[in-house]
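Engineer: Protein chains in written order, with the working numbering: chain S, 1 to 585; chain Y, 1001 to 1148; chain E, 2001 to 2610.
Wrong hints could be hidden among the right ones.
On the chain Y side, residues computed to face chain S include the following (Cβ under 8 Å) [as the list claims (entries may be wrong)]:
1) T1005
2) E1007
3) A1056
4) K1082
5) Q1096
To be clear, the hints were calculated from the coordinates, so they are not data collected in a lab.
Everything numeric in this text was worked out from a predicted model, so none of it was measured.
Just so you know, even glycine gets a beta-carbon here, dropped at the ideal spot from N, CA and C.
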Amino acid sequence: MVNLTIDGKKVQIEEGKTILQAAAKCEIKIPTLCYHPVVEAYGACRVCMVEVTVRGKTDLVTACNTKVQEGLDVQTGSERVLKARRLNVEMLMARAPAAEPVQELAKALGIEKTRFEIKDPQEKCILCGLCVRACETIVGASAISFIERGTERKVMPPFGEPSEACIGCTACAYFCPTGAITYEDKYGRKVIHTELHLGPTTAIRVPIRQAVPMVPLIDTEACIHFKTGECKVCTKVCDREAINHDMQDETLEVEVGTIILASGFKPFDAKRIPAYGYGHFPNVITALEFERLVNASGPTGGKIKLADGTEPKAVGIIHCVGSRDENYNEYCSRVCCMYSLKFAHLIKEKTSADVYDFYIDMRCFGKGYEEFYHRLLHEGTKFIRGRVSDITDMAMTQREEGKLIIRVEDTLLGTVRRIPVDMVILATGLEPSIDHNQLAKIFNISCSQDTFFLERHPKLAPVSTFSDGIYLAGACQAPRDIPDTVAQAGGAAAEALALADKGTFALEPVTAEIDEDLCAGCQLCVNLCPFTAITYDKEKGISVVNDALCKGCGTCVAACPSGASHQKHFRDSQIFAEIEGIFVV
Amino acid sequence: MSNGTFEPRLVGFLCNWCSYTGADLAGTARMIYAPNVRIIRVMCSGRVDPQFVLKAFKEGADGVLISGCHPGDCHYKEGNYKALRRYKLLLKMLDQFGIEKERFRLEWVSAAEGVKFQHVCNEFTEQVRKLGPLYLSKNGGKHEQREA
Amino acid sequence: MAEMAKEKAYRIHLMVCAGTGCVSNNAFGIKAALEREVKKQGLENEVLIVTTGCNGFCERGPLLVVQPGSIFYQQLTEKDIPHLVEEHFLKGRPVKKLMYTPPKEKTPVPVLSDIDFFKKQVLIALRNRGLIDPEKIDEYIARDGYKAVAKALTEMAPEQVITEIANSGLRGRGGAGFPTGLKWQMVRNAPASNGSLKYLICNGDEGDPGAFMDRSILEADPHSVIEGMVIGARAVGASEGFVYVRNEYPLAIKRMNIAIEQARDYGLLGNNILGTGFDFDIKIVRGAGAFVCGEETALIASVEGRLGEPRTRPPYPAQSGLWEKPTLINNVETWANVPIIIDRGAKWYASIGTLTSKGTKVFSLVGKINNTGLVEVPMGIALREIIYDIGGGIPGGKEFKAVQTGGPSGGCIPKEQLDLPIDYESLTAAGSMMGSGGMVVMDEDTCMVDVARYFLTFTKDESCGKCTPCREGTKAMLDIITRITEGKGTEEDLTLLEDMAHAVKDSSLCGLGKTAPNPVLTTLRYFRNEYEAHIRDRKCPAHVCRQLNVYTIDENRCLTVGKGCDLCRRNCASDAIRGAKNEAHRIVQEKCIKCGVCYDVCNFGAVKVD
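Go ahead and model the full structure; you've got the sequences and the hints to work with.
Structural biologist: Structure, rendered in structure tokens:
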């Protein structure tokens, strides 16, 4: 602990702290411009200068990077300090007349006008170097630095050209105290990391408001630390020390009796249909994005807005995007009709926009669904039957100017139509989840032609798989809506419980066995067995099948050159008899 | 043999998990296909011993079909690969026996591919029909008797 | 040494100065002519031609010193050589007309040590100047070179070396004058974090306008610097050293490279120096020529490959320097002083100089002075002695006005203080500083406001731009002074200028900013009347600030003496002169742009300036 005096106040603070920190501790404000608590002090603006006396020697020092010493006597507002500070601020006013923090500081110091020559009245940069230091020490990119010397000094990327080292984190703009650094973004928004391209978020966030558990996470794809190894600003500000950048994914091994697979689905990637312009036109969005948009806890607070922040006047909803299409998925997504109707209803409810609904067939198959469709018809949603060919922004008439034009063959009218709208919602279909194939391999589950998991029997065993103890629930088995999923999940849970309660299940009866007398010990079968169920008994000089491991494929039986291996219930003799039997008739 | 057309007798070894289920699906879906293939269920196409095929031909089959899961989908991980290996070797051997290789076929039919099973059956039947009956000489085989 | 013994003995050694000054005056042409002529006369086995480093008397280059006898020839041309060789080397008759004749005297001074310029100098840092070939280590060794290293490595403990340096009273020759021994002790005591690495740096980033001491030492005697660094490395426990030289000194870099190679070959650098088990090696780092990189923290940043800008001290380089390791950084001249202190002892060194400033200091004497050159004088010598005795006074019989010491960071000392003894304290008290040793002499034709403007232009251009007061303050001060020199200054400007000079001095980050106002402050202190003349009377007393000059033509003189030669009218850029040949000419003041061409071209003194 070090004792010092600041403006007559006695302060005690840990060794190694700066005068600025000590002053903050006793609530004495020292103005700063080039200082930021998370960046290493630079001592360039010279606004934080204070007069210090130690061991009879008086000097002017910068408070931001001068360490405290025992017995230090600090004057933050002496005549000498104010004289230097005033002049420095006055000079900065001439350099950067448009910099607000400088103007405020000047006002506080009683400076009305600068006596020095103003070069550029629009200039904002005070050359505090916060951006350069942030880019180097926090981001670790070192994409910008100072060029030239003296009054010619500027902050620039190398050669004044966009730098490849820049990772576009906009940290420089964030740290800039005067707003001298601006950033450009096509969508007119600051995009560090976007939540489904709809709005800005930071790398640390609660994924969604309904997240379970409700704790923030670090998005390693957006976090600067995981890009450059630097930053870690969050650890500096979290005094609970709750942030751990070294956390790794853990692999847990849990022993269970039964397994229910409910790995769900992923929405069809609308970028695969280039004609719809998703990713190209900012106002073409997918159903899930729209769902976030209308969510009361979403980025716009539930307001339906275009990319430029205005309300749409016309919205098109395209059904069956990626579904019922030979080029993508032939199956029906089973849900897009109904959620599209919901969207149409919500748009009507929240805006005064015209809603166009492009469908192939209206499939309102559930309880109350058809009635909902009729309600929409009454609400004035315009239903157009036909598959949309493309979306373009090439206007052909005045009315189409600045709009997105949906081109569609209206199969009821038998003509091609052009519908200008402001926003297009793509009702994307359902596909098995990303790691679906991997799961299928791990659990040895067959997949049906549409790549969803195959149930044991579509009618008699709809939640079971061919492996005992593994059950299916939800959209991993087929496109499903919520009520169906809940029902199926209940069924799967009941099946799983029933088996778990019983505690045992029967082993495959069709295992292989090796006739000790016939086996020559060639070990051919040992290498063939995919389940390592066959081992070689050295003492006896024969191969032995482990009944518990054998799944009964019979590969070893077919390969045994001495006919020593048999498969129960599928013995050679039995199959021979079957063959013979076929030709008896 | 009615209508004077030759109805080949075909034996199909179908794996329990994919092809047999696929055939089942074709049935439950009420698909119509050539009834010539007599199905013998095995747990895995890897169980199909080359002897089974030879036995089938000996017993009077005009063609033999082996059908298993698609590569990578085998219920027993890799039984279908072993079936494939054996199939290729056996084809060479059948050739030496004087059995046309068109009479022996390996197909991947998944549990979901009822339609494919239908196609395979129809196609194979037609293919063997064109070849005509298989004559195996002096082996006590039952072909001659049948044709006679 | 055996090789040297084998070398032939020559009757005459010709020491051709190959310092940068003489080289630019065709020293190598002279050398070639000498070789040619010596061969022609068949003297090649009797006469050895040696190129040496800077002799110091650059004003008189190209120079040749004939040994033995130290006969000093100056301002040679290639035409002089055949005659010189024949007369002196063949016939043994020294050529008088090529010798140095002091101004106002008739008889030449043949022997170097009798010349005033050399007489009062005491050579310590420049002890080998003009005597050895800098590219031959044997010649350095023959002059007791590397004797001190042997002593420091084999007979002395590191602490003893530091005590010796401390007792000698040697202070940093880079400008600030920090006691060298104390600095070494700090580095030795510094706990070496992350391993035990410590570094050594030789600061050769000489940037002051008109200063060339470090350059001369690096070019004339690179081994003395290497030897000093090895001793320093041993004393503080450093294992790697860097010589930071500006890239504008190609000859210094070349000779330093040769010297380092030779020292390595002789086992005086690298691993296991002199068989003592001590390892130390030196690398050369070329600077890009930024003045601010002479500041130690900026220099370190530059060596590290970062932007050459200073940082706040503490921590000092002695605690955390190059790559955050304790670093000993000394100026070229300081290093060159080290070997001789170890060799001859602290007592001997401390006997030279004043109470607080020991030893000698090298100055580059330039400006309005007869004997331009490099001089090494004992501390405590009076300015008057340097300027009048060594420098030979002001040319053209003009009056001395001021001397500017310490480069752009120093100040101007007026003639009232000519008897000021040269040491760190008295120069600082006079508002100037020792600096690295620039000494610019000014005569009565110099405008002191213009001098301040000149040095501010330099510091403004060389400010790195990191801290506000230095970056903006030098620019703002320059604006004010420029205004004054253009006759647009006000009384308020003068107070503002003074306030700013104090504030910039007070609040700048590094030495550059803290000393940049010195030229302003000293000229304001000693020559305030000149500022006032510029402001109140709109006049430049020295007629330097042309915007304040009024040019007129003495019509009578123009007509009677010059016969209306019309030269001025033809040269006038702004068509401001009226008149024709054989007529009296007249300047139309409204059109005059005060370029001063008419004044310069008039051969009859008819153009007057006021």
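Engineer: Does each hint hold? Answer for all of them.
Structural biologist: Status of each hint after checking the structure:
{"no.": "1", "hint": "T1005", "in the structure": "violated, 19 Å"}
{"no.": "2", "hint": "E1007", "in the structure": "violated, 13 Å"}
{"no.": "3", "hint": "A1056", "in the structure": "holds, 5 Å"}
{"no.": "4", "hint": "K1082", "in the structure": "holds, 5 Å"}
{"no.": "5", "hint": "Q1096", "in the structure": "violated, 20 Å"}
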